[in-house]
Amino acid sequence: MIEVTLKDGSKKSYQSGTNVYDIAKDISQGLARAAVAAEINGKVTDLNTSLYEDCTLNLLTFDSEEGKATYWHTASHIMAQAVKRLFPNVKLAIGPSIENGFYYDFDSEKSFTPDDLTKIEAEMKKIIKEDLPIERFTLPRDEALKLMENEPYKIELINELPVDAEISFYKQGEFTDLCSGPHLPSTGKVKAFKLIQQAGAYWRGDEKNKMLQRIYGIAFPKASQLEEYLKMLEEAEKRDHRKLGKELELFSFDEEVGPGLVLWHPKGARVRMRIEDFWRQEHIKNGYDIVYTPHIGRGKLWETSGHLGFYKEGMYSAMDVDGQDFYAKPMNCPFHIAIYKSRLYSYRDLPLRWAELGTVYRYEKSGTLHGLLRVRGFTQDDAHLFCAPEQMPDEIRRVLRFCLYMLDAFGFDKYKIYLSTKPKEKYVGDDQMWADATKALKEAVIAEGLECDIDEGGGAFYGPKIDIKIKDALNREWQCSTIQFDFNEPERFDMTYVAPDGTRKRPYMIHRALLGSIERFFGVLTEHYAGAFPVWLAPVQVKILPILESHHEYANKIAEKLQQLDVYAEVDLRNEKIGYKIREARLEKIPYMLIIGDKEVENQSVSVRSRKDGDLGAMNVDAFISKLMEEIRTRAN
RNA sequence: GCUGGUGUAGCACAGUCGGUAGUGCAGCUGAUUCGUAAUCAGCAGGUCGUGCGUUCGAGUCGCAUCACCAGCUCCA
1 MIEVTLKDGS KKSYQSGTNV YDIAKDISQG LARAAVAAEI NGKVTDLNTS LYEDCTLNLL
61 TFDSEEGKAT YWHTASHIMA QAVKRLFPNV KLAIGPSIEN GFYYDFDSEK SFTPDDLTKI
121 EAEMKKIIKE DLPIERFTLP RDEALKLMEN EPYKIELINE LPVDAEISFY KQGEFTDLCS
181 GPHLPSTGKV KAFKLIQQAG AYWRGDEKNK MLQRIYGIAF PKASQLEEYL KMLEEAEKRD
241 HRKLGKELEL FSFDEEVGPG LVLWHPKGAR VRMRIEDFWR QEHIKNGYDI VYTPHIGRGK
301 LWETSGHLGF YKEGMYSAMD VDGQDFYAKP MNCPFHIAIY KSRLYSYRDL PLRWAELGTV
361 YRYEKSGTLH GLLRVRGFTQ DDAHLFCAPE QMPDEIRRVL RFCLYMLDAF GFDKYKIYLS
421 TKPKEKYVGD DQMWADATKA LKEAVIAEGL ECDIDEGGGA FYGPKIDIKI KDALNREWQC
481 STIQFDFNEP ERFDMTYVAP DGTRKRPYMI HRALLGSIER FFGVLTEHYA GAFPVWLAPV
541 QVKILPILES HHEYANKIAE KLQQLDVYAE VDLRNEKIGY KIREARLEKI PYMLIIGDKE
601 VENQSVSVRS RKDGDLGAMN VDAFISKLME EIRTRAN
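The opening residue of the first sequence carries number 1 in the numbering used here; numbering runs sequentially from there.
Warning: the hint list may mix true and false statements.
[Claimed, not checked] Label-pair restraints from in silico Cβ distances:
(1) Lys557 - Ser224: 50 to 58 Å
(2) Lys312 - Lys126: 48 to 56 Å
(3) Glu235 - Ile290: 38 to 46 Å
[As the list claims (entries may be wrong)] The calculated lysine-lysine pairs, modelled on DSS-like cross-linking and capped at a C-alpha distance of 30 Å, are:
(4) Lys285 - Lys627
(5) Lys210 - Lys146
(6) Lys119 - Lys91
(7) Lys612 - Lys469
(8) Lys426 - Lys442
(9) Lys110 - Lys84
(10) Lys561 - Lys612
(11) Lys267 - Lys243
(12) Lys505 - Lys285
(13) Lys129 - Lys25
(14) Lys243 - Lys194
The set of hints was computed from the structure by calculation and includes no laboratory data.
Idealized CB from N, CA, C, for every residue including glycine.
Please put together the full structure from these sequences, using the hints given.
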């Protein structure tokens, strides 16, 4: 007999060799039905694992992260089995679970059409109905290779497994796949599923490799959960900044102007100006100076900076100016360095913090453009910090704190921080510099009580960096803030400062963007607020709705008063019913509506309707104004 | 750039078997003078993304191209 300790701490005895699934049934039929995998002594494994020793056992349901992963992984195997049945010549690559569902990559002569996906779905339903038991087995390497002799990608994977690795397979009916598991006990466990889309994907994510056919899917234990998920996607679509940008007249693209080139409409520009005004104010408060630099620069500059060597594919081709090459800037740094180089700086002048809302142009592959989130011309909220080595750790902490303050001001409380360290091969600067800089970055993150993912070797060749990514409506991460060391350019431009001992020393240079690019930031911000910007950012902050023509004069007077206070106020003078005007103002997501009728004119008051709380009743005009101004001043969310 | 999909009025969409285009909203005009999410009527609006081809005839079929959408790769 063995003793099994359950999650709640209770212990039960079973015959050695008892299957986990049977234990689940012994605990309760409901649990057995809901269980998808088991955690034995902390290790996630199949439900039909037999136990031979005392252990702790935790039964995982779909609700757990591991449970979902197992469920989706099995769904991907079912899909692969269906594809193999329908298209026997297709070769299998890999098919993992992902954050939202699963995919499987196939090497197929033809790509799958939407029609094929329907057929595959039908075949999957059959496989689920067959309720094939899923069995795990292991093989020694030579036998494993023999078994997979017709699957070249699997051969490649087996050959790369460490010598001592256990090579496991999962078999369901006629279908066997190399897989470490775990899996559901049988195919019938998968209930509701849907194949979402087909897409091309390079083998191992490398552009140089063959493009495979990937099919994405999602699965749930209940049909209602699938429906809910699909509904959630629909809801997310409503928050899409591209859709809102059109509806709220914030920005547009024009085919004739060119892809990835943003046209900011008056309403979008109003929001942008508020962002930029705030940004400028805060930079001045934080010890920055503002600089302005040109949009193009001589070829020589980009040669010195190294951009023509390392970043050429991101730059637009040269324009001829009096027989010389000039390039549109993909980055602002060489110009800021040029300002630095215009005179001699002493250690007493450091640190220097120079910021610019610098508009840059970068060539992005056509397939990567995405609304405001990836464009070809954008304005970075750029700054460069030049400091002495001993000032560096302090500067990093400062800039990180500033960064978090900015994100917080815009209501972002969920983001992910990545720390990228020295690349394995190509890099500049000595190891000590890299170590110091990386340490400073890491300590700054820790000092702020935050966590970060380490992207080992993911730094640029010129220095380590911290990136902060924010998620869009569909949960996709977009890099906004970035703090990057640069060991390259100070060297290339031979930047120096005079040290206390009179010698020339090389300053540390740090690139940083807090919002990233105004375009991208505005895009994620729009999705974050679902277009309902807080009062301080709203393109129309107050809309005044007179009921009758006789109220127009008073309404205009209030609008004027608000405009004098730098408030975006509009009056709806149309000959429409009040309900209609309110409906439109609501669709425009305007934070405050002032309804003006006989009563208001008589009492010199306004009836306030807020976007958030509805009808607030009548209010003295000055009382409303001070409430509004306070909300703007505090940038209430 | 690659794989697949989409492109019809300002916006959201319909358009059968190939027979020269419709609906709703918005717009304009008129009527309506009204208190917290849509008053009524009339009018106007389109080289069906663009080009070439097949056909007696193309929004519809084929090819090319541009743009957009999802994903891959890349990145603020």
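Right, here's what the structure says about each hint:
no.	hint	result
1	Lys557 - Ser224: 50 to 58 Å	holds, 55 Å
2	Lys312 - Lys126: 48 to 56 Å	holds, 53 Å
3	Glu235 - Ile290: 38 to 46 Å	holds, 40 Å
4	Lys285 - Lys627	holds, 26 Å
5	Lys210 - Lys146	holds, 24 Å
6	Lys119 - Lys91	holds, 18 Å
7	Lys612 - Lys469	holds, 28 Å
8	Lys426 - Lys442	holds, 22 Å
9	Lys110 - Lys84	holds, 14 Å
10	Lys561 - Lys612	holds, 24 Å
11	Lys267 - Lys243	holds, 15 Å
12	Lys505 - Lys285	holds, 29 Å
13	Lys129 - Lys25	holds, 22 Å
14	Lys243 - Lys194	holds, 25 Å
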